[in-house]
Amino acid sequence: MSETRTSTGQAFRATLKRDLLIAYKRKNDVVNPFMFFLIVATLFPIGITPEPERLGEIAAGVLWIAALLASLLAMDSLYRADYEDGSLEQLLLSSHPLYFMVLAKNIAHWLVSGLPVVLVSPLIAYMLNLPPESYLILFVTLLLGTPILSLLGSIGVALTVGLGSRGLILAVITLPMSVPILIAGTLTVQQTLNGASLLGYLAIMGAMLLAAISLAPLASAAALRISVN
Amino acid sequence: MVRPGEHDILLTSMHNLNSRQESAVQRANYMWMWFSKLGSPKWFYELSGKWLPWLVVAMSLLLVVGITWALLFVPPDYQQGNTIRIMYIHVPFASISLAFFPLMAVAGTITLVWRMKLADMVAKTAAPLGAWFTALALASGSIWGSDIWGTWWIWDGRLTSMLLQFFLLVGVISLRSALEDAEAAAKACAVLSIVGCINVFVIKYSVDWWNTLHQPSSGFSLSDQAPNPPEVWIPLVIMIFAIYLFFAVSLILSIRNEILVRERRSQWVEELVQGT
Chain A
35 MSETRTSTGQ AFRATLKRDL LIAYKRKNDV VNPFMFFLIV ATLFPIGITP
85 EPERLGEIAA GVLWIAALLA SLLAMDSLYR ADYEDGSLEQ LLLSSHPLYF
135 MVLAKNIAHW LVSGLPVVLV SPLIAYMLNL PPESYLILFV TLLLGTPILS
185 LLGSIGVALT VGLGSRGLIL AVITLPMSVP ILIAGTLTVQ QTLNGASLLG
235 YLAIMGAMLL AAISLAPLAS AAALRISVN
Chain B
650 MVRPGEHDIL LTSMHNLNSR QESAVQRANY MWMWFSKLGS PKWFYELSGK
700 WLPWLVVAMS LLLVVGITWA LLFVPPDYQQ GNTIRIMYIH VPFASISLAF
750 FPLMAVAGTI TLVWRMKLAD MVAKTAAPLG AWFTALALAS GSIWGSDIWG
800 TWWIWDGRLT SMLLQFFLLV GVISLRSALE DAEAAAKACA VLSIVGCINV
850 FVIKYSVDWW NTLHQPSSGF SLSDQAPNPP EVWIPLVIMI FAIYLFFAVS
900 LILSIRNEIL VRERRSQWVE ELVQGT
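These protein sequences, in sequence, are chains A and B. The numbering used here applies: residue 35 is where the first sequence begins, and numbers increase by one. The numbering used here applies: residue 650 is where the second sequence begins, and numbers increase by one.
Just so you know, the hints here were simulated from the structure itself, not pulled from any lab data. Do not take every clue at face value.
Claimed, not checked - With a straight-line Cα cutoff of 20 Å, these simulated SDA-like cross-link-like pairs (lysine to any residue) come out: (1) Lys853(B) - Val262(A); (2) Lys766(B) - Asp830(B); (3) Lys853(B) - Ala237(A); (4) Lys853(B) - Leu221(A); (5) Lys853(B) - Leu243(A); (6) Lys853(B) - Ala245(A); (7) Lys853(B) - Ala241(A); (8) Lys691(B) - Leu767(B); (9) Lys853(B) - Val206(A); (10) Lys853(B) - Glu123(A); (11) Lys691(B) - Gln916(B); (12) Lys853(B) - Leu50(A); (13) Lys853(B) - Gly234(A); (14) Lys691(B) - Arg911(B); (15) Lys853(B) - Asn62(A); (16) Lys766(B) - Asn906(B).
As the list claims (entries may be wrong) - Non-contacting residues of chain A with respect to chain B, defined by C-beta distances greater than 10 Å in every case (computed): (17) Ala48; (18) Leu54; (19) Met69; (20) Ile217; (21) Leu236.
Glycine included, every Cβ here is placed at the ideal spot set by N, Cα and C.
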């Protein structure tokens, strides 16, 4: 036993830093979801219509669905490498509350996979002819919503981390759960066109985010303990 | 975990304590004894074997009376005509479908906290039944809708949340079948059921929110037809009880199968199968 014990705060920061560093060194995991987002958003005008008016009507939904799918695709890398090299077990054995460790991993994961999607969304919104007054609110809803998607997806990944092929099962588990966020996000963006007050909508999304931050890592932690036995 | 041998010792020791003196503590112990007994698959198998004939008789009686009444004797609705008879199938299935996630979440909590075997069997067998009941509710509703709404499907709040509940149930089933270790699968499905139960309520509210903004006052709700005369709602109540009993019988039969499969190496199952 070493004399110096780390505090939970230090462990939290160390986990966060480590995951960010790993992501920096393995850039594929960062670039792929981002490219996926761009490609899916490109498919909609090709598959549905190139007409600017009709595109503008569906742009918010397209961006949200593309962000949802990109988040799902990115989730796979959240615990897999750690599970395979055994560092996940070390994390479970550590004396720090697993809640904070899971939260740190989720935050790091969102910073490298969710945030780039949010940052590029105004550009795609422009290409899809979203009305300009909705840009800011789309950006804000994605900023509030994509962390929730990551936190919820984390539960699904934690439950299936031991499985060899889990791409489809992860989608079946996670996508229906994401529906409330999809609804909240697209409704809020649509409200900008009606000129209604948005504070209530944003407050609901904020409440969802807070609920997800406080509850989802608990479920992820329980699921990890079950999966890594 | 209490093994079979220890279980008997526990029971007899508690029984001795009970016969000596009755106090609140002992009564609490008695509760625990009943609780641990409830978790014993053999005990449940024997008890449910005694209940089953009565449940089947009651179910058949109610089904025959309810269906005959609903299909032959209920007066045709002044708006919907004979189509109204679909309600007697649809409403019971739809109402019971809403009970599956709470049921699985409670069973899952018991599995996680007390590791009761029977609770996991309930959770395991309830998931496919729930998927079937939800699918039947959707299908019967769709047939009903094809006549009175003129369409088989509409993105109405209730229909959408029902469909999403079906997807969530499928997720639980596929997670169960994907995990090979039975104990890990039980716990993983318990966690997913609890998360799913919360989610079903959130979905319900969010979909209503989404729906009311998109297409206000669809006016399809049952309450529009109120007040209904007794000859319309009495057969409905009978059918609801009949379908609840049908659910209970299906669940008990599935659990009994599951018990036999899981306890196939124990002596009492071998004796049962060999007919001694």
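Check the hint pairing Lys853(B) with Ala237(A) against an upper bound of 20 Å on the C-alpha distance.
With Cα atoms ~19 Å apart, Lys853(B) and Ala237(A) stay inside 20 Å; holds.
Pair hint Lys853(B) and Val262(A), alpha-carbon separation not exceeding 20 Å:
violated (33 Å)
For the pair supplied as a hint, Lys691(B) and Leu767(B), confirm whether the alpha-carbon distance does not exceed 20 Å.
holds (10 Å)
Are the Cα positions of Lys766(B) and Asn906(B) separated by 20 Å at most?
Since the Cα atoms of Lys766(B) and Asn906(B) sit roughly 14 Å apart, the hinted pair holds (cutoff 20 Å).
Going straight from one Cα to the other, do Lys691(B) and Gln916(B) come out at no more than 20 Å?
holds (11 Å)
Distance restraint between Lys853(B) and Leu50(A), which requires alpha-carbon spacing of 20 Å or less
Between Lys853(B) and Leu50(A) the Cα gap is close to 35 Å, so the pair fails against 20 Å, i.e. violated.
Given the hinted pair Lys853(B) and Glu123(A), is their Cα-Cα distance within 20 Å?
violated (37 Å)
Between the alpha carbons of Lys853(B) and Leu221(A), is the straight-line distance 20 Å or under?
holds (16 Å)
Assertion that Met69(A) lies outside the chain B interface [Cβ separation over 10 Å]:
holds (27 Å)
Given the hinted pair Lys766(B) and Asp830(B), is their Cα-Cα distance within 20 Å?
holds (15 Å)
Satisfaction of hint between Ala245(A) and Lys853(B), Cα-Cα up to 20 Å:
holds (17 Å)
Is the Cβ of Leu54(A) farther than 10 Å from every Cβ of chain B?
Non-interface label stands for Leu54(A): nearest chain B Cβ at 27 Å, farther than 10 Å.
Taken one by one, the earlier hints fail for this structure at numbers 1, 10, 12, 15 and 20, listed in ascending order.
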